[in-house]
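> Position chain B against the provided structure of chain A, taking the given hints into account.
Residue numbers (the working numbering), protein chains in the order written: chain A, 7 to 523; chain B, 7 to 523.
Quick caveat, the hints were computed from the structure, so don't treat them as lab data. By construction, the Cβ of each residue, glycine as well, lies at the ideal position given by its N, Cα and C atoms. Among the clues, some could well be false.
[To be verified] Partial selection, computed: residues in chain A whose CB lies under 8 Å from chain B:
(1) Pro55
(2) Ala56
(3) Val58
(4) Glu74
(5) Ala92
(6) Gly124
(7) Gly125
(8) Tyr132
(9) Arg351
(10) Arg353
[As the list claims (entries may be wrong)] The list that follows gives simulated cross-link-like pairs (lysine to aspartate or glutamate, DMTMM-like), each with its CA atoms no further than 25 Å apart:
(11) B:Lys85 / A:Asp356
(12) A:Lys339 / B:Glu350
(13) B:Lys85 / A:Glu74
(14) A:Lys85 / B:Glu54
(15) A:Lys105 / B:Glu127
(16) B:Lys85 / B:Glu195
(17) A:Lys85 / B:Asp346
(18) B:Lys85 / A:Asp81
[What the hints assert, rightly or not] What follows is a set of in silico ranges between Cβ atoms, one per label pair, in the way DEER data are often shown:
(19) A:Ala274 / B:Leu428: 45 to 51 Å
(20) B:Asn86 / A:Leu202: 38 to 44 Å
(21) B:Leu494 / A:Ala371: 41 to 47 Å
(22) B:Glu340 / A:Asp404: 40 to 46 Å
(23) B:Met104 / A:Lys328: 46 to 52 Å
(24) A:Thr451 / B:Ser343: 56 to 62 Å
(25) A:Glu278 / B:Ser343: 32 to 38 Å
(26) B:Leu428 / A:Gln341: 27 to 33 Å
(27) B:Glu195 / A:Gln412: 43 to 49 Å
(28) B:Thr34 / A:Ala274: 50 to 56 Å
(29) A:Ala475 / B:Glu340: 51 to 57 Å
(30) A:Asp346 / B:Asn272: 40 to 46 Å
2 protein chains.
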Amino acid sequence: MSGKGGNKQGKKQGGSKGGKQHELAITTRAEDYPKWYQDVVRFGELAEPAKVVKGCMVIRPHGYAIWEKIQRDLDARFKNTGHRNAYFPLLVPQSFIMKEAEHIEGFAPELAVVTHAGGQELEEPYVIRPTSETIIGHFFAKWIDSHRDLPLKINQWANVMRWELRTRMFLRTTEFLWQEGHTAHATHEEAIEETLQMLHVYGDFAEEVLAVPVTRGIKTASERFAGALETYCIEAWMQDGKALQAGTSHDLGQNFGKAFDVKFQNEAGDLEHVWQTSWGVSTRLIGGLVMTHSDDDGLVLPPRVAPIHAAIIPIFRKAHEKERVMEAAERLKEQLSAIDIAPERARYRDFLEVVIDDRDMRPGAKFYDWERRGVPMRIELGPKDLDKGQVCMKMRVDTPACSGKQFLPEAEFLGSVRQRLLDYQDALLAAAKARRAANTVTLDTWEEFEATFAGDESKFAWCHWDGTAETEAAIKDKTKVTIRCVPLEGQGPAAEPGTCIFSGKPSKQRVLMAKAY
Amino acid sequence: MSGKGGNKQGKKQGGSKGGKQHELAITTRAEDYPKWYQDVVRFGELAEPAKVVKGCMVIRPHGYAIWEKIQRDLDARFKNTGHRNAYFPLLVPQSFIMKEAEHIEGFAPELAVVTHAGGQELEEPYVIRPTSETIIGHFFAKWIDSHRDLPLKINQWANVMRWELRTRMFLRTTEFLWQEGHTAHATHEEAIEETLQMLHVYGDFAEEVLAVPVTRGIKTASERFAGALETYCIEAWMQDGKALQAGTSHDLGQNFGKAFDVKFQNEAGDLEHVWQTSWGVSTRLIGGLVMTHSDDDGLVLPPRVAPIHAAIIPIFRKAHEKERVMEAAERLKEQLSAIDIAPERARYRDFLEVVIDDRDMRPGAKFYDWERRGVPMRIELGPKDLDKGQVCMKMRVDTPACSGKQFLPEAEFLGSVRQRLLDYQDALLAAAKARRAANTVTLDTWEEFEATFAGDESKFAWCHWDGTAETEAAIKDKTKVTIRCVPLEGQGPAAEPGTCIFSGKPSKQRVLMAKAY
Numbered sequence: 007m008s009g010k011g012g013n014k015q016g017k018k019q020g021g022s023k024g025g026k027q028h029e030l031a032i033t034t035r036a037e038d039y040p041k042w043y044q045d046v047v048r049f050g051e052l053a054e055p056a057k058v059v060k061g062c063m064v065i066r067p068h069g070y071a072i073w074e075k076i077q078r079d080l081d082a083r084f085k086n087t088g089h090r091n092a093y094f095p096l097l098v099p100q101s102f103i104m105k106e107a108e109h110i111e112g113f114a115p116e117l118a119v120v121t122h123a124g125g126q127e128l129e130e131p132y133v134i135r136p137t138s139e140t141i142i143g144h145f146f147a148k149w150i151d152s153h154r155d156l157p158l159k160i161n162q163w164a165n166v167m168r169w170e171l172r173t174r175m176f177l178r179t180t181e182f183l184w185q186e187g188h189t190a191h192a193t194h195e196e197a198i199e200e201t202l203q204m205l206h207v208y209g210d211f212a213e214e215v216l217a218v219p220v221t222r223g224i225k226t227a228s229e230r231f232a233g234a235l236e237t238y239c240i241e242a243w244m245q246d247g248k249a250l251q252a253g254t255s256h257d258l259g260q261n262f263g264k265a266f267d268v269k270f271q272n273e274a275g276d277l278e279h280v281w282q283t284s285w286g287v288s289t290r291l292i293g294g295l296v297m298t299h300s301d302d303d304g305l306v307l308p309p310r311v312a313p314i315h316a317a318i319i320p321i322f323r324k325a326h327e328k329e330r331v332m333e334a335a336e337r338l339k340e341q342l343s344a345i346d347i348a349p350e351r352a353r354y355r356d357f358l359e360v361v362i363d364d365r366d367m368r369p370g371a372k373f374y375d376w377e378r379r380g381v382p383m384r385i386e387l388g389p390k391d392l393d394k395g396q397v398c399m400k401m402r403v404d405t406p407a408c409s410g411k412q413f414l415p416e417a418e419f420l421g422s423v424r425q426r427l428l429d430y431q432d433a434l435l436a437a438a439k440a441r442r443a444a445n446t447v448t449l450d451t452w453e454e455f456e457a458t459f460a461g462d463e464s465k466f467a468w469c470h471w472d473g474t475a476e477t478e479a480a481i482k483d484k485t486k487v488t489i490r491c492v493p494l495e496g497q498g499p500a501a502e503p504g505t506c507i508f509s510g511k512p513s514k515q516r517v518l519m520a521k522a523y
Numbered sequence: 007m008s009g010k011g012g013n014k015q016g017k018k019q020g021g022s023k024g025g026k027q028h029e030l031a032i033t034t035r036a037e038d039y040p041k042w043y044q045d046v047v048r049f050g051e052l053a054e055p056a057k058v059v060k061g062c063m064v065i066r067p068h069g070y071a072i073w074e075k076i077q078r079d080l081d082a083r084f085k086n087t088g089h090r091n092a093y094f095p096l097l098v099p100q101s102f103i104m105k106e107a108e109h110i111e112g113f114a115p116e117l118a119v120v121t122h123a124g125g126q127e128l129e130e131p132y133v134i135r136p137t138s139e140t141i142i143g144h145f146f147a148k149w150i151d152s153h154r155d156l157p158l159k160i161n162q163w164a165n166v167m168r169w170e171l172r173t174r175m176f177l178r179t180t181e182f183l184w185q186e187g188h189t190a191h192a193t194h195e196e197a198i199e200e201t202l203q204m205l206h207v208y209g210d211f212a213e214e215v216l217a218v219p220v221t222r223g224i225k226t227a228s229e230r231f232a233g234a235l236e237t238y239c240i241e242a243w244m245q246d247g248k249a250l251q252a253g254t255s256h257d258l259g260q261n262f263g264k265a266f267d268v269k270f271q272n273e274a275g276d277l278e279h280v281w282q283t284s285w286g287v288s289t290r291l292i293g294g295l296v297m298t299h300s301d302d303d304g305l306v307l308p309p310r311v312a313p314i315h316a317a318i319i320p321i322f323r324k325a326h327e328k329e330r331v332m333e334a335a336e337r338l339k340e341q342l343s344a345i346d347i348a349p350e351r352a353r354y355r356d357f358l359e360v361v362i363d364d365r366d367m368r369p370g371a372k373f374y375d376w377e378r379r380g381v382p383m384r385i386e387l388g389p390k391d392l393d394k395g396q397v398c399m400k401m402r403v404d405t406p407a408c409s410g411k412q413f414l415p416e417a418e419f420l421g422s423v424r425q426r427l428l429d430y431q432d433a434l435l436a437a438a439k440a441r442r443a444a445n446t447v448t449l450d451t452w453e454e455f456e457a458t459f460a461g462d463e464s465k466f467a468w469c470h471w472d473g474t475a476e477t478e479a480a481i482k483d484k485t486k487v488t489i490r491c492v493p494l495e496g497q498g499p500a501a502e503p504g505t506c507i508f509s510g511k512p513s514k515q516r517v518l519m520a521k522a523y
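With the rest of the complex left out, here is chain A (with noise of 0.2 Å):
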């Protein structure tokens, strides 16, 4: 790498340990799944597995700039629904955990305790949030007097921990930084509206800035908040054919605002109970993201999360070529560098990233590191570039609009590079819908169903159910398979009647059934 800064990321990025890296493959899909996603998550340098604190990981520079372009993005989407943000306590009196029924039986298995605090054993223990819904209660108790106190509408960006036995980075860890909504109204149809508002803003995000689409739709009561009256949900469809539940949105009712005492007077002078919801997306989103859009060769990358847009690989043999070429490098850097491809209504800058990778290796090996990372864009830059006035690059994955190695006159290549990403971002949702669209099946028959799932197959398939959570329980039990969601309108099959897949009995609509992350 050259240049001040910014740059000296690349150093560490290909440092010596990265290079070790270099002669291990990466685990093909058709190899083993599971071992390929560590695999990308790992040659990727987005994380590691903690080992010594049970099942967290550290997440690592690349994979935490992928968090902050999240964060960025669905934050700005979260100021401009209303909401502001706010910083609860990280311990929560164990206690308050106990005041809301569902809500114990839910996360009282899963809670890290603090006993001992400043050399002595505590009067009462606090656990760690696994989730702040009671110690905001608490607060918003406080702040609510009147209906003119209403709505209030908060966001937490933080970190919680639940105590799970089977982890894995980003999809399941003991730790793991989210953001959740919280809010307060005064009635139960502006808590639904919100609910489904902020339900649409996830899933808008994830098709838009992630790539990766998702089925939005309502839990059925065994998938359900521990707390919520409904859980409505983004589902995403991994490429083993599993779903993964990508993010939910809780219509709380009255359950937290009765546990905590949360009341207003309305407009006639009477008191009541506020209506609630909460909402919230997590680092799982990265783990959705790697499952939706990598492949063998590693990570691929979305441009609008991507922590770095292009990589030039400067290529030359003599020690004359080396000093043009990185001069060319470096304008070129600088220029891509000013081009901003944040959305019109953006109110923040998204500039490209661009690094110089100047180390002591075959150009090769170098687009094989860039590769695993999953930069969009390589572009290779030697002598006879230079005589041509030419620029030579290529996407991370060939797209219809963008396949292998182009030549480019570099004025053309400047002016259309913006564009070049844009149309690589909706490539990449498109190659998604259509994978998902290939491993999507209408089942009608028990016997079809068994054969879908055989194993460890999965596929999203729209089946009948017939709504009890015996019917439910049995497929599961029988499967593994779950119900993903009853589909929000638009979102699946038109709702017509059927019969149960498993039980013959009559069903008003179809469910979408997957096995799950």
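Below, chain B alone, put in the same frame as chain A:
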């Protein structure tokens, strides 16, 4: 408030619970300085004590928005100097803290300990990170092999916990938010250079963004970070004459490198321990910001960290006036919101944030309300202003350039508003410097010293010190005064020899003494 989304925040800020506070006056500084600070934080709706979680606070939206602005600007400075963000586990194995002898001594008494998780007692307890040198040292050892892996320059934005006995919002809380930089280098020179670079990043940020003048210097051995060879600091002067340590940067030498066996192969092929640094600032900066600028009317905020830059107060008596005034207010808000006051160098945007306060309250009560929130600019807009095509504006604090109400033609106002805010920023820094200068003294006799620091009194005092820990301890014991720092060149009186103010022994240069938070 009117308009969509973002505007609704205004309703919250001025809701009925906020309304109650109108009747409560802020305690004056002269009356009770600590109470004044609490009142400014509380009535400004920056934060409130959590109470149910010992020593913690809830950072309310107006306070958290300041932290977001701090983060955004600092983060850009960190990235410009070649650092990348990452995230390490919240929990640290208890044994890790015990690996560096001085580190144990410094932090063991303040630890919060997790002994149970997932319903079981843990084999080895975890502590909640009080700071992350140990866990990060562990990972540095895994990531560093060769001189080609160095320098490794990481930053983390995180929450940390130190079980303090006496807490005060923002200044000292058991949990706080901060950033901690951690770097590893091949040589001690390079580590020292990094330590100093980051000290100056902090110093420049404090002065340019927070408008808080600071003194840059070196801590004495007794005030050093537990495990460091040398601690550099920025010290800010508070309005009660006390000092606030606002940021620190540590030369860790090879102490943690040895404790966690972080070795690299140098160019000659020999194994050496790395040289490390760490540096941090926290939500404490918000406390310093409050105590630097605020007055007896409440919070005062420099525009670069103000969550809201201007409040428009529509003035009308009759219904038909209302519509006209509100339309004009919306138009003005839209025009102001398109103005970006980010510095030239910034790769982020800093658009003006404007609220229209259309609550059903007297204008005077609204003025009062926005004053307490430190909003830099107030705009009154009534039918007469519209007739004249003018805007009536007033800055929160009078400055030489802009004192009292100003009536300006709308176009002139819009054309000058960016510069007005930047001038206001400069004026706040100049005023803070002037107050500090007026309260900084050079003392040569112990009698003067005792008089200066009698009772609760404090000033910034430049005094000779004989360089011994005994004298330092004796002075602290007798007067509660501590040595804030040995100033870097140009940060205090020119270095010239003298005699210690306490012992009369020889001294090489004056040091900064004050009582401190």
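> Quick one: which hint numbers does this structure break? Sort them smallest to largest.
1, 9, 28
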